[in-house]
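Participant: Each chain, letter by letter, is given below.
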Amino acid sequence: MSLLNRVSNLFRRARLAQEIDDELQSHIEMRMSDNLASGMPPDQARRDALLRFGNPTLTKERVAASDAALTLESFWMDLRYAFRRLAKAPGFSITAVLTLALGIGATTAIFSCAYALLLRSLPFRQADRIVTINETHPQVAGGGEVTFPDYTDWRSQQSSFEQMAGYSIVSPETVSLVWDGHAEQVHRVLASSNFFSLLGITPSLGRTFVEQDDTPRANHVAVISAEAWQRYFGADKSIIGRTVDLNDVSYIIVGVLPAGSAYPATGDFWMPLSLMDKESQASRVWHTVNVLGRLKPGVDLGQARADMATISARLSQSYPATNRNVGVLLTPLREQLVGSLRPALLSLMGCVVLVLLIACVNVANLLLVRASAHRRETAVRQALGASRLRLLTQYLAETLLLCLFGGLLGTMFAELILPLLRTAFAHVTGADPSLVQSIRLDLPVLLVALSVCLFTAIFFGLLPMFHSPRRLSEALRSGDRGSSGTQSWRRGALVSAEVAIAIVVLFLGSLLVRSFQKLIQIDPGFRTDHLLSLEITLPQPRYQDQTTATNHFYEALIDKLQRSPGITSVGTTNAVPLNASHSMTRFLIAGAAPLAPGAFPFAQIRFVSPDFFRTMGLGLVQGRTFEQKDIENNASLFVVNQAFDERYLSGRDPLTSSILLGVLSPHPDKVPVIGVVSNARDLGVETDAEPELYLPGFGTHAVILLRTNIDPDSIAGDVRNAVRQLDPNQPIYHVQTIDEVLSDSLARQKVTAVLLGIFALLALTLASIGIYGVIAYSVEQRTREIGVRMAVGANRTNIVLLVLREVTTLTAIGILAGLAGALVCAHFLSTLLYHVSNVDPLSIGASVVTLLIVGMLAAVVPAAQASTINPTEALRSE
Amino acid sequence: MAKTDLQGTVDLLVLKTLAQTGELHGYGIVLHIQTASDELLRVEEGSLYPALHRMEQNGWISASWALTETNRRAKYYKLTAAGRKHLQEVEKNFEQLVKGVRAMLRYA
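Taken in sequence, the protein lines are chains A and B.
As numbered in my numbering, residues 2 to 879 make up the first sequence, in order.
As numbered in my numbering, residues 683 to 790 make up the second sequence, in order.
No lab work stands behind these hints: they were computed from the structure.
It cannot be assumed that every hint is accurate.
Claimed, not checked - Straight-line alpha carbon distances no greater than 25 Å define the calculated DSS-like cross-link-like pairs of lysine-lysine that follow: (1) A:Lys-61 - B:Lys-774; (2) B:Lys-698 - B:Lys-781; (3) A:Lys-297 - A:Lys-519; (4) B:Lys-698 - B:Lys-757; (5) A:Lys-61 - B:Lys-781.
Keep in mind that this is a model prediction, so the values were computed, not measured.
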């Protein structure tokens, strides 16, 4: 009933307002005529009626307030009024809106990234129950793949997981798909039959694997990703049941996955895990399987870790030669997908919120200045009967408008920079590509942005309201004799707060920039420029590792390439430089004391062509490198790097030493060392060079490195042609310059440093605008005081110093307060820093000095203005 | 605990006036309260109209325009069924308040 009333009032608001007028008027007239009847003179009768009634405008407003329609109307009026007032002060409005847009835009953009990577639900059923399980070894960095027998033992012995599934993306990682006369290199994944049901993926077409697919006599069936279905088969629905050739073997396509659900995200084709070569399936030496587990309800990660540790310890005892010191690493799926980005994103989020805070403080400051300028106007309006509530809603309307405009502009700004962020994050190694592509402005992100706007509007909009004068007479009486003490104190506090926040951002930014600087100054031990890398995988079984056919193919290719213009040298290896590699082997130095089973050391191992060393630019330290005849003879010879020589051959002559390979087999091979080469940080510039063994030879999979004397990107076409001439169906892939690989390997550090650097600049700019605003206003307010000072003998220098002293005090207080916070925040940054201490004195010093200088600079103009005040005029004014 | 405050008191006085007189305009309500309370109570004229409009929105009273005996247009208010029910409630609350206050005074 009452709601109906209110709503129906919406449609007759004009009449309603008129009615209220009429009603009150009739009341006053009735009182007047009664007064007249009781004998009052007309003047007094009217006066008495009005006096008794009180302030008619106020009463009318209060009556109107109880009608919904009129309340809405009055708020709409407030908004229009606020808009007109803002339009009249374009300098103030534009500064405030731009400041807010920068703050809100940056926050929205970073939050979109954080939301997509850390918060939005993954495309799998109850993804927070899924963990990845890896094997660890003290000599192998991070967690690695699991051996097939270990995986099957885990599956049969574990009790913490509802399901455990395995998949493999190694040996080979890619296969060639021949379809429609085209050869394409596609990523294949071998997966156990329960892999898709564990992830909770239902196919959009056909089926996924059933148990019979994944038996020792595995079916040659394949499931494809939605993306591969689009790209290679034109989204043809009749693809189910068709046969395709992968590496010359036929598979029947049985299912297509829904879009965006591929796991791992790079996968194109999934085949049964039991198709893995029998040797790998039987051996506890080859680490080939990635394991996923879905935790049972009620089992937490800690319990699962304990369960797996027990199983692993049991395996270590049963198979000491292979499993001694092998541990288990359980990681929640989300963490696995985000990799090292989590701490980086969290620090970015923290800093961008600080920048937003500075922006807000700036706007609060502007509002405060404005409120003081309008103090008398406000007081007059109060005297005329405006209630505090009405003044408040008008204030709110104004800040709301500012914040909404700022928010709108900021969101557009975020939308503009999101593609840049997506590209930047896509280069970060270890970040899941489909998660990165899902960075966008969607409803949850926009809601957060909107609530940030509203919160800012209400909180910072109300701030000036708290000190609107309570005692009218006081406000009306005081002239422009300067702002009251508490007010300038409040503004001073805001400036100090701004400086304090700015120094936190500045310090964190300079730490990360310095850390990044150190990273790019590292000498990787080889020339990364003018070096192109590409990969090739020859189809098995036509080609096998180190057979004549394989050797011939590569020799012919190298010969062709070496003769093409622009290429100075061609080498092959089996791991792309500057990428983490688990291409490792156990070994033993011949003649060294025998070791307990399982205690064998590990080293990186590479199969390389004779020209590899020259192409990379590794220097020969001792002995010789490989020659053509070593390949032809299939010779077993080692070249080792200096790190290997120092760690394992110290005190021996390397050139007379031999190394035992295949140490777990009954008859290890004894391989002589023929040379020592210089170290290269080929596992990533952050990682010190590890002991490395080089053998001569070609595998079916090879990384071809080309040293050029022209732009390396320009020869990619020549290489493709050369391969096509040898075999028209042989694709090449992962064509990239090593400089690109290098910059990708530092992409996370680069993005973080660049963004934090930008935030620091933003913080600095906003803080300086804030300082300028406050000081300029304070100078203006103190015109009279300065006039007096000059009249009693202060000279221009004194006045400039007076202003500068004020700035320096405020800045210094802010710096002191902020430094403490900065040091605390830097503590959380430690994991992101490379060879820079989180209390780095240089960064502290630079931040402090920068802020002091910026503070001074911001005060220069107001100080100059103050010094040109003419005392006579200043004293006469008012 | 009786829920009564100053606003509640104005509501009570207005509703009671309308219950006693049937139909009355704002000015008449002011006069009635003054005379019926032997000049003890005076409703502030400025506060009366917001209260009337609020009570009308709540559906306790209804209003219509009519001519006074002196041929002046005025807005007349009268109780609705809901208003009558509300009045009983407010009266009960008020009596409880009075009882409570008396008890306190005696105790002191």
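Participant: All hints, please: hold or fail.
Facilitator: Now for the hints, and whether the structure bears them out:
1. A:Lys-61 - B:Lys-774: Given pair Lys-61 (chain A), Lys-774 (chain B) is violated - Cα atoms ~32 Å apart, limit 25 Å.
2. B:Lys-698 - B:Lys-781: holds, 19 Å
3. A:Lys-297 - A:Lys-519: violated, 46 Å
4. B:Lys-698 - B:Lys-757: holds, 18 Å
5. A:Lys-61 - B:Lys-781: Not satisfied, since the Cα-Cα distance of roughly 37 Å exceeds 25 Å.
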